[in-house]
Structure formats: C-alpha cells, structure tokens
Amino acid sequence: MRAIVIPVTGGPEVLEWREVPDPRPGRGEVLIEVAASAVNRADVMQRQGRYDPPPGEPPYPGLECSGVVAEVGENVEQFRVGDRVCALLGGGGYAERVTVPWEQVMPVPDGVSLVEAAGLPEAVCTVWSNVFMLGRLRRSETLLVHGGASGIGTMAVQLAKAFGSRVVATAGRADKLERLRELGADEVINYREEDFAEKVRADVILDIVGAKYLSRNLQALRTGGRLIVIGLQGGVKAEIDLRTLLAKRAAVYGTTLRSRPADEKGAIVRGVVGSVWPLVAAGAVRPVVYAEVPMAEAAEAHRMLDSGEHVGKILLVR
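For the sequence shown, full-length UniProt numbering assigns the number 1 to the initial residue and increments by one for each residue that follows.
Each hint should be verified, as a subset may be incorrect.
[Unchecked claim] Result set (EDC-like, lysine to aspartate or glutamate): computed pairs, CA atoms no more than 20 Å apart in a straight line: (1) K212 with E178; (2) K199 with E187; (3) K161 with E141; (4) K161 with E187; (5) K161 with E182; (6) K248 with E182; (7) K199 with E141; (8) K161 with E178; (9) K199 with D186; (10) K248 with E141; (11) K212 with D195; (12) K161 with D186; (13) K237 with D263; (14) K212 with D186; (15) K212 with E193; (16) K248 with E264; (17) K212 with D175.
[Claimed, not checked] Taking CB as the label site, the calculated pair distances span: (18) T256 with R80: 29 to 39 Å; (19) G234 with E198: 29 to 39 Å; (20) T256 with G10: 16 to 26 Å; (21) R243 with G10: 28 to 38 Å; (22) T244 with D22: 16 to 26 Å; (23) P59 with R80: 25 to 35 Å; (24) N190 with M304: 20 to 30 Å; (25) L245 with G82: 32 to 42 Å; (26) R136 with A282: 16 to 26 Å; (27) V14 with G234: 46 to 56 Å; (28) D22 with Y191: 10 to 20 Å.
If you're looking for bench data, these hints aren't it; they were derived computationally from the structure.
This structure is a prediction, so every number in the text was calculated from the model and none was measured.
For each residue, glycine too, the CB sits at the ideal point set by N, CA and C.
Assemble the whole structure, with the sequences as input and the hints as a guide.
Below is the structure:
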C-alpha cells in the first residue's frame, strides 16, 4: 500500500507518499480501507519530531480515518467486511489501509458522508472525554472554549449547545468569530483585542494554549470550576497561585488521548456512539469541513493548518 511517511523531520515539504508494507489485522483488530483522514495538530508535531507515536502504533501520521472494513481479525464480532466505519487511531491514518483495535471503531453516523466522517473521531472523542466525562459540564453551566475555530473548538461549541450549556469561544479574527456565532456560541471574544479573564466566568474551560493562559484561566473559573488543558501551544511551564485554586475549590486537569490504552479509548467511543451519534443524525452536530485535499498532497494540507486560516477540519481524501 501507499502511505505518507516522514523520512526526516521538518516542514510540510518532508512528507512523502510512498509504498510501505501492507498491514494485517491481529487478534481483536479491524483492517480499514481508508477513504479519508484528517489533519490534526499532533500530526504537525510528529512531522517536526516533537510527538512520536506510542509504542506499537503505525509510524505514519493520522489520528482518525473513515472507510470500509476490509478484513477482521480473530475475536472480532462487532464488525463485518463492507461496514462503513470511522475510527480513532493511535497513528497511521495517512495511508490506504490501517489496522485498529475494534473498540476504537464506530459506524458512520446517519446523515454524514463517508468522507465527512473522517473529521469526527478525534474531535468528538476529545470533546466528549474532556468536557463531559472529565469536566462534567451540565445543562445551564458555561463552557469557555479556547481555539474555537479549530476542529476540536467547533465541535465543542456544537456539542455544549446541543446539551443545553452556555458557550463562550475565543478566536483571533472577525470572520472566525462570526462562524462561531453561526455554530451556536452565545458569546465570542477576540483574544487579540480583549482579555477573556476580564469578561468571562466559566464552569468548564477547554484550553489548547497551556502555560500562557494558566493564570487567566484560573481567574476566569467560577467557584467549583474545572480547567482542562489539552494543548501546549502557549508553552509548557507556568506558576500557579494555589490561593486562587483553593479559594475557588477548582480543579486543573491535563489530558491526552492518543496514548491511552484501547479499553479506555473504547469507553470513550461507546459514549460517543450512544450520546453524540444521535445528535449528528438529527443534524444538531455536524463536522465542520474547511477543505478536502488529496492524501498524496498532505504537505499542502499541513501548510493550510500551519497558516491558521482554517475553520474546522482539513480532510485528506483518497
């Protein structure tokens, strides 16, 4: 088969579409003929040499895909050859075929095309596991989403609104702020012009920035609030004022998804299929697709992501 490989680390130009060994499904695994994948920030970090795949995962980038089941391994009864599926991956989505534990595979939800479905697994599973499972966001509470125009951000806005919460989202351009309003955000903040910590009091904050926002995130939390850090685009080290944390009886969580074992990912996937797929089928939640790029031209898709111009997901299509 062919896949995008990273022979040396560097800019988008290092990505190459090459022939590589065919994968075969092991016990408890599904082989997917890939229709599409999607570009995530983790793929860029892997390209730069800053985020290696977990042990045992394919070396090729790509944390999600959609496609058709081509083969099933031993002890897999939940899926059959020909099923239309999408999957949460530890790597390997930028390829013609990929194997994945069956626990991480989901049926394509009704009303979504096979290609569009590639933009769902990573964003939906990230939001579900962090905002709802860990952050316990409740109806009528307020969610603050940083990086609202990203794939994760656009999904967080939609899901929180669908579950009856108030949503505030940050972005750095007027057109992105307007798109977030269209997706349901109750309030939008231009982080280049306004200080979110002066304007918002949130019960849950989903943060991709990290160190740069830590003190202001704590300021923006309500009593009993939950800060969930899932990215480090603004640095890795910062001081925390424990007096603020104690006074607000707040919690700070740091999480990743890629390195979790299959059973943990499976629990997240089951929650998504049971609680989110009906919303997708009803049209209350949709994948926001910015562009579709041929998979062999993954370098161009990475340039799009690096530019920061996109809103939603950039898909790689076979």
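The hints, checked one at a time:
1. K212 with E178: violated, 25 Å
2. K199 with E187: Given pair K199, E187 holds - Cα atoms ~10 Å apart, limit 20 Å.
3. K161 with E141: holds, 10 Å
4. K161 with E187: Measuring from Cα to Cα gives roughly 12 Å; hence the hint holds.
5. K161 with E182: holds, 12 Å
6. K248 with E182: violated, 33 Å
7. K199 with E141: holds, 16 Å
8. K161 with E178: holds, 16 Å
9. K199 with D186: Cα-Cα ~13 Å, so holds.
10. K248 with E141: holds, 16 Å
11. K212 with D195: Holds, because 13 Å separates the two Cα atoms, which is no more than 20 Å.
12. K161 with D186: Roughly 9 Å between the alpha carbons, so the hint for K161 and D186 holds.
13. K237 with D263: Distance ~31 Å between K237 and D263 Cα, so the pair is violated.
14. K212 with D186: It is violated: about 25 Å lies between the C-alpha atoms, which goes past 20 Å.
15. K212 with E193: holds, 16 Å
16. K248 with E264: violated, 30 Å
17. K212 with D175: This hinted pair is violated, its Cα atoms lying about 24 Å apart.
18. T256 with R80: 29 to 39 Å: Hint holds: Cβ distance 32 Å, inside 29 to 39 Å.
19. G234 with E198: 29 to 39 Å: With a Cβ separation near 18 Å, G234 and E198 fall outside 29 to 39 Å, so the hint is violated.
20. T256 with G10: 16 to 26 Å: Holds, since T256 and G10 (Cβ atoms, about 24 Å apart) stay within the stated range.
21. R243 with G10: 28 to 38 Å: Once the Cβ atoms are compared, 44 Å apart, the range 28 to 38 Å for G10 and R243 is violated.
22. T244 with D22: 16 to 26 Å: Check failed, 54 Å falls outside 16 to 26 Å.
23. P59 with R80: 25 to 35 Å: Since P59 and R80 have Cβ atoms about 29 Å apart, the given range 25 to 35 Å holds.
24. N190 with M304: 20 to 30 Å: For M304 against N190, whose Cβ atoms are near 22 Å apart, the range 20 to 30 Å holds.
25. L245 with G82: 32 to 42 Å: Roughly 52 Å apart at Cβ, these two residues miss the hinted range, so it is violated.
26. R136 with A282: 16 to 26 Å: The hint (16 to 26 Å, Cβ to Cβ) holds, given that R136 and A282 are roughly 24 Å apart.
27. V14 with G234: 46 to 56 Å: violated, 25 Å
28. D22 with Y191: 10 to 20 Å: violated, 46 Å
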